[in-house]
Amino acid sequence: MDEHPAATRPRPRRRGAGKLVAAGLFLTTVVWQHVEATRLGYQVERSRKQISTLRCAQGALQTELEDLLSPASLSAQARGRLGMVLGSPASLRRLDDDTMTAQARPGLLRRLLSRTRRAWQENKTAGLSTPRAAA
Amino acid sequence: METHVRLAVVAGLCLTPLAPLSLRLAQLQVMQHQRIDKEVINEVVHTTAVAADRADIVDRRGRLLARSVPFLSCFVERPLPPDTAALAACLGRILAMPPAEVLRRLQGRERRLYVKEDVSAQQAAALAETKLKDKKLISYGVGVELRHRRFYPRGDLALNVLGKVGTEQNGLSGVELTFDSRLRGRARRLRYLRDGLGRIIYRDAEVRPETTQPLALSLDRDSQFHAEEVLHEAAAQFHAKGGMIVVLDPATSEVLAMAALPSDRLKNPIIQDPYEPGSTFKLIAAAAALEESLVDENQTFFCENGSYDIAPGVRIHDHEPAGLLTLQGILERSSNIGISKVVERVGARRFYSYSRAFGFDIKTGIDLPGETAGEMKPFAHLTRVVLAASSYGYGIGASALQVANAYSAIANGGTLYEPSILAVSRRPQPVRRVVSDATARTLTRMLESVVERGTGMSGRIPGYRVAGKTGTARKLDPRTGAYSTSSYMASFVGFLPASRPQWAILVVIDEPKGQYYGAQVAAPVFAKLGRRLLAMAGVPPDQPTVLAGRP
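Chains E and C supply the protein sequences, listed in that same order. Using my numbering, you'd call the opening residue of the first sequence number 1 and step up by one each time. Using my numbering, you'd call the opening residue of the second sequence number 1001 and step up by one each time.
It is worth saying that the hints were derived from the structure and are not from the lab. Here the structure is a predicted model, which is why all the values come from computation and not from measurement. You may find that some hints are simply not true.
Only pairs whose alpha carbons sit at most 20 Å apart, straight line, appear in this in silico SDA-like list of lysine to any residue [what the hints assert, rightly or not]:
#1 K1528/C / K49/E
#2 K49/E / K1267/C
#3 K1267/C / E1320/C
#4 K1528/C / L86/E
Below, a sample of chain C positions facing chain E; criterion: calculated Cβ distance under 8 Å [stated by the list, open to error]:
#5 L1023
#6 P1070
#7 P1153
Where is the CB? At the ideal position from N, CA and C, for every residue including glycine.
The shape of chain E in the complex, shown without the other chains (with noise of 0.2 Å):
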């Protein structure tokens, strides 16, 4: 049996449409992305002013601070305000080998080390005899 021949007719009408509603969608974009571009190159420019106060901010701040740092002011706020005083070699001190054993002084941890074993020792002592004094 015959097709009717409008099932088989192609559909001009609604391809057009397709075609308006995508050259209509692109265009649409172009346009948007040139507005947008314009929109952001605004605020890029808003932006980069912006940066640039902060910078002049950030400059004036690092300048007192490098002020503040410099040995000239340090100087005069340590002798002035904590009164202290210039290093002098005459605080430098060398010591020959005699004067460091006879000077110098166990540390933390060898103090009580000894401390420990003095200790331990005593209670060894006063409990027990060695054979010699048992003799």
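Starting from the known structure of chain E, arrange chain C on it as the hints suggest.
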């Protein structure tokens, strides 16, 4: 006629007039696109050069010596609006300035007149707002610009060395001039377009300018500070006209400190001004005599009891009479007569040759502008009298850096290095060996005895071995052309600790009042600075300290 045919005909009739337009459009958009695009870009798009921030200058430990700091500046461009008074009143209100002051600043002849520096963010915003509201009055050539100024912490540290930059951030003197292209970095070009209101729309992506690496100098900020402080104190104490201090690292000849008075950003007398070094120059004759084995250490010279007629009408004096002296004694007593007799043995040719070998009469090659080579008569012109005078530092000109570097060569065992203002990252290259290690050791011992027993006793530092030599030179009076009897250059140069030299120091005090001998004026300054440097570096004394209470 069928419907679709009729529609096609109507459409054809309607679209026919658009055909030429389409063709023209195609011609403009396709055929001439490039040319038209270029024209539009030329008219609307502007290009501006954004300079890279000028690089920091730091000391050998990376501590800041100079930095470019940005700031906002308000400007007005010519031609000025007719009602300048109203403009001044408006700007004065926004920038918190008296209108009269604004008017005064608008009197300049430049195209761009700067009204105020250091405009705050609020003031910049207020200015922009006013420009939008009151275009008639203020929009005409008024703006805020980002500029840079060179900042030096506390202003005066090492200013003779660092130099100066101009308003365009270009180096004018000192390190700023020598390394100008290195410090400037590369400028970057940015493209932008302006809308109808003159607002900027960016075309290029914002990229931070290439960061320029800091320039590391050999200076040590603390040593520099102490050198300047002791120099100021000495100048005030002796009411001196000026002074110089150079501190070198003897192992490399890196400049650790360079202080000069009067302070001037455009001038560095330490390398630019030759002076007569006086008795500090006796080192050269002594070195030549020892190196060439012309004088034995135990050999004595008769010093004529303080007065010696070297030629008819030419008499040499010593500051104190002496009889027989060894070379060590001559240096200890700083005898002019004694060193004159030593240099006679050395001879003019050898003396000249050794002077050149130690770097005199030749530029040191330091990277600072305007260096002097000094002045010295060629050996052919060194007559007996001139040779004698030269041996104790008269009739020759040397820069303070040359003198310090010569002593630095003795301190490091006899090798002369090229002084450097940049931190040496590679192994320093020696210029030449000037004396053998043995001669350098002998000279060091002699210079130590100068400080222990001789004229340089006020340069002593208890507990440390110090080597040095005093110098006192009369200045030439420019009016008479003769040596003055009232103006002197007092100097002391040496190194410490003599056992392992870490610093070679030269102190020169120009025209001290009252006392004028190098031993009285310059040697105490050397000792003062030396004590500070030793304490700062924590260098232990050469001799073990005997502690009180030890059995």
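Structure-based check of all given hints:
Straight-line distance between C-alpha atoms of K1528/C and K49/E comes to about 52 Å, which puts the hinted pair past the 20 Å bound. About 39 Å separates the Cα atoms of K49/E and K1267/C, which puts this hinted pair outside 20 Å; it is violated. Of the pairs offered as hints, the one joining K1267/C and E1320/C is violated, with about 38 Å between alpha carbons and a cut-off of 20 Å exceeded. Distance restraint check for K1528/C and L86/E: the Cα-Cα separation of roughly 11 Å lies within the 20 Å cut-off, and the hinted pair is therefore satisfied.
Because the closest C-beta pair between L1023/C and chain E is about 21 Å apart, greater than 8 Å, the hint is violated. Checking P1070/C against chain E: minimum C-beta separation of about 5 Å stays under 8 Å; hint holds. Using the Cβ-Cβ criterion of 8 Å, the hint placing P1153/C at the interface with chain E is satisfied: the shortest such distance is roughly 4 Å.
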